[in-house]
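S.K.: Letter by letter, the chains look like this.
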Amino acid sequence: MVYMQTLLYYPGCSIKRDFLEVEKSSIAVLTALGYKLVEITNWYCCGGFPGTTTIDHVKYVSSLRTFTTAQLQARELNTNTIITLCPFCYNTLKQAEQLPLSKPEVYVRIADYLKDEIEPYRGGLKVIHLVEVLSNRLNDIAKLVESDLKGVKVAAYYGCMLLRPRVIAIDDPENPQVIENIIKALGAVPIKYPYRTYCCGSFHVLAEPGIVKRNTERIAWSIMNNGADIVVTPCPLCLYNLKKYTELKILHLSELIAYAMNLNEALSSEVLKTLNSLRKKI
Amino acid sequence: MVGLKFTPRELREYIREYTRREVTACMQCGLCTAVCPVASFMDLHPAAVIRAVQLSDIDVAKVKSIWICVSCMTCVDKCPRDVAPGLVIETLRQLALKNGIEPRTYGEILIEETTPSILLVTYSRKSTG
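So the protein lines, in turn, are chains X and G. At position 36 of the first sequence the residue is numbered 36 (this note's numbering), and the sequence of numbers has no breaks. At position 8 of the second sequence the residue is numbered 290 (this note's numbering), and the sequence of numbers has no breaks.
Any given hint might turn out to be false.
Cut-off 30 Å, straight-line C-alpha distance, at most; resulting in silico cross-link-like pairs (DSSO-like, lysine-lysine) [what the hints assert, rightly or not]:
| # | chain 1 | residue 1 | chain 2 | residue 2 |
| --- | --- | --- | --- | --- |
| 1 | X | K143 | X | K184 |
| 2 | G | K344 | X | K213 |
| 3 | X | K36 | X | K143 |
| 4 | G | K346 | X | K213 |
| 5 | X | K153 | X | K243 |
| 6 | G | K360 | X | K243 |
| 7 | G | K346 | X | K243 |
| 8 | G | K380 | X | K103 |
| 9 | G | K360 | X | K192 |
| 10 | X | K103 | X | K115 |
| 11 | G | K360 | X | K184 |
| 12 | G | K360 | X | K213 |
| 13 | G | K360 | X | K126 |
| 14 | G | K287 | X | K103 |
| 15 | X | K115 | G | K380 |
| 16 | G | K346 | X | K244 |
| 17 | G | K344 | G | K360 |
| 18 | X | K103 | G | K360 |
| 19 | X | K16 | X | K244 |
| 20 | X | K143 | X | K153 |
Read the hints as simulated data drawn from the structure, not as lab findings. Note that the structure is predicted; figures quoted are calculated from it, not measured.
Extracted from the complex, chain X is given alone in its bound form (with noise of 0.2 Å):
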């Protein structure tokens, strides 16, 4: 393929530990797209939570370690684009990126505190998630399909943190199309439900697991309700969540594009059995 795109790559703990499955099937069908990912050497863990307000800045400190540390290589590869695969991590590092701009004060305390590094942040760096790198390219997945995926229903469950807060929200927050989008190009049939982007419950799964359980059952029940056959989310969090509370039949997003795509090695077994009984359907 002649396009040809080197992007950083920010892994963050649950994929290199808990989600290598979906690290796998992603770069698959990065590499297929024509993306050339290089893994940020040394990269610290995001926090999973940016600040929220003005006490706690110094949740963005590891993040913008991170940017001091990426940057030589930016240089290096002559690119500026980091690419995250977890939205968590997306929504922390993305918050870190407009920091100079949003919270100006809160960036020169945190500056301070990384004089020691390397050298000094000097901005510009731009950090985009996976869903939005698909997106810009939804023709040239369209022309990689190669197994039919007529006529299958996909819900597209999307989450909280790639849609809010606002300002680092990759489509419409209040009705996203982006996941919808890439379906289509998939040759597969979104369908529209109204829990979209409700949140799973995330993190009280440890000490209120009564909150998870009523949150994905509701998300299922109206999946289920409108006629869906495989739901796909960006979100390893809410993958693992409506997994363990539904029966839904749930994919990470990267893993229905490497199916369609063809790109089975990629693919665990389990994935590729509940992806072939799909087609038996048919």
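Starting from the known structure of chain X, fit chain G onto it as the hints suggest.
M.R.: Showing chain G alone in chain X's frame:
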């Protein structure tokens, strides 16, 4: 250390300083409570938290809602007066943590072999001020 005793004016000032939002703008339309995915698990629903802050009739040592909010930011996005209840609740949560009030210790959370590390990271971040 920030004390827990505030006059109504001091509490509103404190929240204004840390959220850059104005709680007195709230007109109690209740949209935040309507869109909140966890409101039914709270003792004071989001709109009631804002009302309690307006009246400074809130005890952060007792109110459970601050530990239930998941920071999904739905209410922050929808609020027609930009009061952003989610950020106000976040400030109250940090106020409680800074005063040594914690809902539970790490020993009490449910960790399984398959628990993804992102859960532990986000949980611990929500448990630190």
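S.K.: Determine for every hint whether it applies to the structure shown.
M.R.: Hints, verified against the model:
no.	hint	in the structure
1	X:K143 - X:K184	holds, 12 Å
2	G:K344 - X:K213	holds, 25 Å
3	X:K36 - X:K143	holds, 19 Å
4	G:K346 - X:K213	holds, 19 Å
5	X:K153 - X:K243	holds, 19 Å
6	G:K360 - X:K243	holds, 29 Å
7	G:K346 - X:K243	holds, 28 Å
8	G:K380 - X:K103	holds, 22 Å
9	G:K360 - X:K192	holds, 21 Å
10	X:K103 - X:K115	holds, 19 Å
11	G:K360 - X:K184	holds, 29 Å
12	G:K360 - X:K213	holds, 25 Å
13	G:K360 - X:K126	holds, 27 Å
14	G:K287 - X:K103	holds, 29 Å
15	X:K115 - G:K380	holds, 27 Å
16	G:K346 - X:K244	holds, 26 Å
17	G:K344 - G:K360	holds, 27 Å
18	X:K103 - G:K360	holds, 22 Å
19	X:K16 - X:K244	holds, 20 Å
20	X:K143 - X:K153	holds, 20 Å
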